[in-house]
Structure formats: C-alpha cells, structure tokens
Amino acid sequence: MAAIEVNGKSYEVDEEGYLVNLAEWNEDVGKLLAEGEKIEMTPSHWEVVNFLRDYYNEFQIAPAVRVLTKAIGKKLGPEKGNSQYLYELFPYGPAKQACKIAGLPKPTGCI
Amino acid sequence: MAAAPITAPPLKPYPVIPILEVGAMAGTKSFPANAQIQEALGFPGELVEDWHDKAIDKLGELLGKYRSLKVYLDACVHCGACTDKCHYFLGTGDPKNMPVARQDLLRKVYRRHFTWSGKWFPKLVGAEDLTKEVLDDWYSYFHQCSECRRCSVFCPYGIDTAEITMAAREVMDTIGLGTKYTNEIIGKVHKVGNNLGLPPAALQDTLSSIEEDLKEETGQDIRLPVNEKGAEVLLVTPSADFFAEPHVYSLMGYAKVFHAAGISWTLSTHASEAANFGMFIGNYGQMQKIATRVRESILDLGARRLVVGECGHAWRAAYSFWNTLIGPFDFLDPNYPVPQHICELTYDLIQRGAIAFDKSANDKYVVTFHDSCNVARASRMGNLPGGQFEIPRAIIRAVANKFVEMYPDSIREKTFCCGGGGGILTDDLMDVRVKGALPRMEALQAVVDSDGVNFMAMICAICKAQFTKVVPYYKFNMSMVGGVHQLVGNAIRLGPK
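Here the protein sequences line up with chains A and B, keeping their order.
Here the first sequence is numbered in my numbering, starting from 1 and rising by one per residue.
Here the second sequence is numbered in my numbering, starting from 1 and rising by one per residue.
What the hints contain is simulated information worked out from the structure, not anything from laboratory work.
Glycine included, every Cβ here is placed at the ideal spot set by N, Cα and C.
Any given hint might turn out to be false.
Stated by the list, open to error - A few chain B residues that don't get close to chain A, going by computed Cβ distances all over 10 Å:
1) HIS190
2) GLY219
3) THR292
4) TYR347
5) LYS402
6) GLU405
Unchecked claim - Residues from chain B that face chain A, not an exhaustive set, calculated with beta carbons under 10 Å:
7) ASN194
8) ALA202
9) PRO238
10) CYS311
11) LEU425
12) ILE462
13) LYS464
14) SER479
Next comes chain A alone, as it looks inside the complex:
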C-alpha cells in the first residue's frame, strides 16, 4: 500500500490517497494532503476541516452536506452557509475532498 511522508514519518494511504489510520492525522499531514489536491489552506479551509473531524469523532461519519453548510454558516456568517461556498473552497466537492484533507475515510455510495 502507498504511503506519504511528513517530517520524516511515513503515513499509510489507500489507492485514492485517503489516510488509512485517522488517529495518525495532524495538521502537517492535512497540509500535505491538501497540496496533493492543489488546495492552499486558509483559515476558512481549516474551519471546515476541523468541523469535519469533530463531527466524525462524535458520529463515526462525515456530516451530511446540509449539516456541514449550516455549521459553517453559523461560524463564518450566513452568506457562507451554502454548498456553493464549500465548492469554492473544495472544488471537487466538500464531502470527498475536505474529508481527504481531514484524514477521514471517503464517503461512499450514490453521492
């Protein structure tokens, strides 16, 4: 299986570049995963990523897009509480791309 290397430590990732062991995640790993997605992380990006991680810790799954947009709207202002804003941050889709950067498994199914 493939791996990425951050600060001399190696982290296992799956075929699609998702971190295998989410407990290993840290911000530097997140930054490198973001680079692979050609995303420059801003404080707004980190808001999303941190919310995803908190939600995952509580529910063992990433939040539904609607739950995420509502939470982001509360934190960053109502004009940002929509999926269009999230797509601006994560052009390939907040569910999949932001999850990858947050070290969460990829959501599967008809989405």
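We have chain A already, so just place chain B on it with the hints.
Here is chain B on its own, set in the frame of chain A:
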C-alpha cells in the same frame, strides 16, 4: 494515484457513430477490492490459483441455474443492431464497448467450453480459451457497462445484455476479482445498514437538523420520523437522500407530501438504504440478504404500507424482485401497491385533490425529465403500461409551468443512461463516466439551446450524483440537476404559515 486523464468529447448536434479507437479504454480499470472487503462478502480475498477452472465451473453453474443466460449466449447472430446504442461506445469509441463485443468476451469462452462446435472447431466459431488477457478484458469492459439495457431495446432477439454483464461479474467475484466500489458498499450495508455507512445516531442527528431547516423555511413542524412504531408508511430511500445535494431536497419534498396529506410515516435505521448493489454484481444471495432488512424493518415497525424513494435500481429491485426475495407481503394494506413508488403515492394524492400546488414557485425553471434506466426499462408504475414514464411527467406538469422533452430517441424506453449506473459511480472510473454521459449531454444541450432548459429532473440517486459530477465537464452548472420531489417540495401548498 495514477489517475487517467479525464476528457469530455465535444458535443455534437446529434449522435454520430464514433471513429473506432481500438483498445482506448482497455487500461481503465476500477480499483479491485482488497482481501478484507472480498472476504466480508464470502468471496476469495485475491485471485485464486486455479482461477481458470473455478471460473469455468461457475459459468457452468450459472448456465444450469439461469436458462435465460444460455439463451442469450446462444441467440446472438451478430447483426450489429446494438453496436451504436451504448452510451459508453458512443462516448469512448472503443469497439469492445459495443454491446455485442462486450458480450462476446464472455460468449467466446462459453462457446469454447459449453458448445460442441467450440470444443472441436474453436477457430471456426469464434471460440476462445479464458486466458489471463481475456480475464483482464472482462475486468475492464464488464465494469464499463452500467447494466442499463438500452442495447436490449434494439436487439431483435431481446437479449438482456445486462444479465451477461452480471454473470461475468459474478464469475469474477467467485475467483476473487471484485471492485472496491461495489463490494465495500455492500459490506457497509451489512455492517451499518446503508451504502454510506451512516450510523443510527448520525442519521438521527441529520434528520433533526433537516427538521429545523424545514421549520425555518415553512414555519411548520414538518417531521422526518425514524423508527416510529405504528406509522402507516415505511419509507425506504437511498441513504444519499440524507447526505448529499441535490438528493436531500427530494427527501424534504417527500416529508412535505406526507405532512400535507396527513399520512403518518417513518424511516428505519435498520433499512436506511433502498439501494441494492447485490443486483449490480449479479449475486442473488447478496441481493436477498440486503433486501431482507426491509422485511425485518416493516415487521418490526408494524407499518401497513411500503414506499420507495427516488432510486432507480432500488425500484427495479423492489418492483421486480422483492416479492420473491422477501415476500409475500400479505400483511400489508391491499388498497395500495406493494411496494409503492413515492411518485405513485404523490400522483395518487394529486389525482384525489389531496395536495395542491403553487406552480409559480417553479417558474424560474424550464424543466426536462431524464428517465432513469432501471425505472424505464425494468419496472413500471401505476396500473397502465408506460406508467413509469407518464407518472413522473404528470407530477412535473402538476408542479411546474414549463416542461420540455428531450428528443424521442433519448427518453422513455430509449433513455440514455446517466453514465454512472450499475456500480461504476466511482472516482476511479470518472473518465468512463464523463464519456458515457455524452449522449445525454447532447440531448440536454439541444433543449438548452432551443427552449432554455435549466433544470433536469430525475428520480434516481445515482443519476443525481453522476450528473452533478459530470455536467461541469460539459460546461453546464451542477444546480441544473435535481429530483422530481425537489420540484414538488418547492410548489406544494402547506397551508398558512
């Protein structure tokens, strides 16, 4: 990740048979399932050593079990009527994506081992051994078929090509070759209850959040009940309806319909998924195991009616297979179809005047309707032939003022697949998905140009997910994609705020 470059072919004013590109898609392969995923479904973890003999044995077993498969493998006369009917062929130009050629990957092996002439004079009858190269072709090209059955509509012998794809996938799983996408998802259904892996607490949290949103939008207490014993209706819907956009707008539409009509209903955490990917891999045992959750849930909750949400292949599974897989349903209310499609339910309420609409709420839209393959060609709705075409359209006409059809050879029983059905809705096949969407995109472009269409309605979670991802490759906006009950939800009258 060594992703193939994803390219969209140019749109043309009408479909043209592409110039052949031999082997163009041979290297495009879905990620194989790892040992853990495979073994959880009872399949070997990797390609078994005696894979050749095991594969031939399995094919023999399927031929013995399914008379239809033998007929389909025998009957083809290579007339060519199907060649240019497949969206994947039209989009890729790879000759092995012609339905007849794809089937022949299996048929030539069938002839070699199961026909007299193929055993003795293989070269004369196009019979071939199952070599590693042939197996590689199986893995590539039987995962570039969405089992949509458009080619079957044009086949003079009525060969159900999807059944051949399903058989090939079943043989491959038996020797340890499955795809990560389908088989990981089936594992999640068994473990967690749905394709997404959405655990009960997360589902409940999501539904409460949507209830809040509905309250804010309408001022009314529109509920999304879950696990409520004694509700009249159990709704089984794709888990994408809880999770993704635009799917969730249809879920909100269903909730508004139940609310406005005063029908008590519930979702179930145990059967929190309508999809049945067991069908995609041609495995009857998996199909039955997945479907069994629905029977268990309805018995447990004591509902009297069983309704299915907007999901194409789930409606095929429900309409055509549930009765034999998990029936009989003699304990349910005989006054309603069992199972009933959400569109049948809404249409019936419209007919009876039980719900009303403000059509102007959808005036910003010029709507067209994309028929989903499994609904169009493998099921029905209502009590008239063609109900599966008429009922969704009648609903759209009842809730929106502007409705336009795409050209006749691209709708109803001749509808083009979205390009992501049949278990290939995965990022590693994005190039196939984008190219396979070409014929639908051409039909859409025509009505965008002629009538200003800006909303393509549909009743399938896979179609919705596929189109939101691929339409940008064709310079359309993903907000054009949505559900029929999204339109219903926009226009339904809910009484005073």
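Hints, verified against the model:
no. : hint   : in the structure
1   : HIS190 : holds (14 Å)
2   : GLY219 : holds (18 Å)
3   : THR292 : holds (19 Å)
4   : TYR347 : holds (24 Å)
5   : LYS402 : holds (24 Å)
6   : GLU405 : holds (26 Å)
7   : ASN194 : holds (7 Å)
8   : ALA202 : holds (4 Å)
9   : PRO238 : holds (5 Å)
10  : CYS311 : holds (8 Å)
11  : LEU425 : holds (6 Å)
12  : ILE462 : holds (5 Å)
13  : LYS464 : holds (8 Å)
14  : SER479 : holds (8 Å)
Checked against the numbered hints above, the structure violates none of them.
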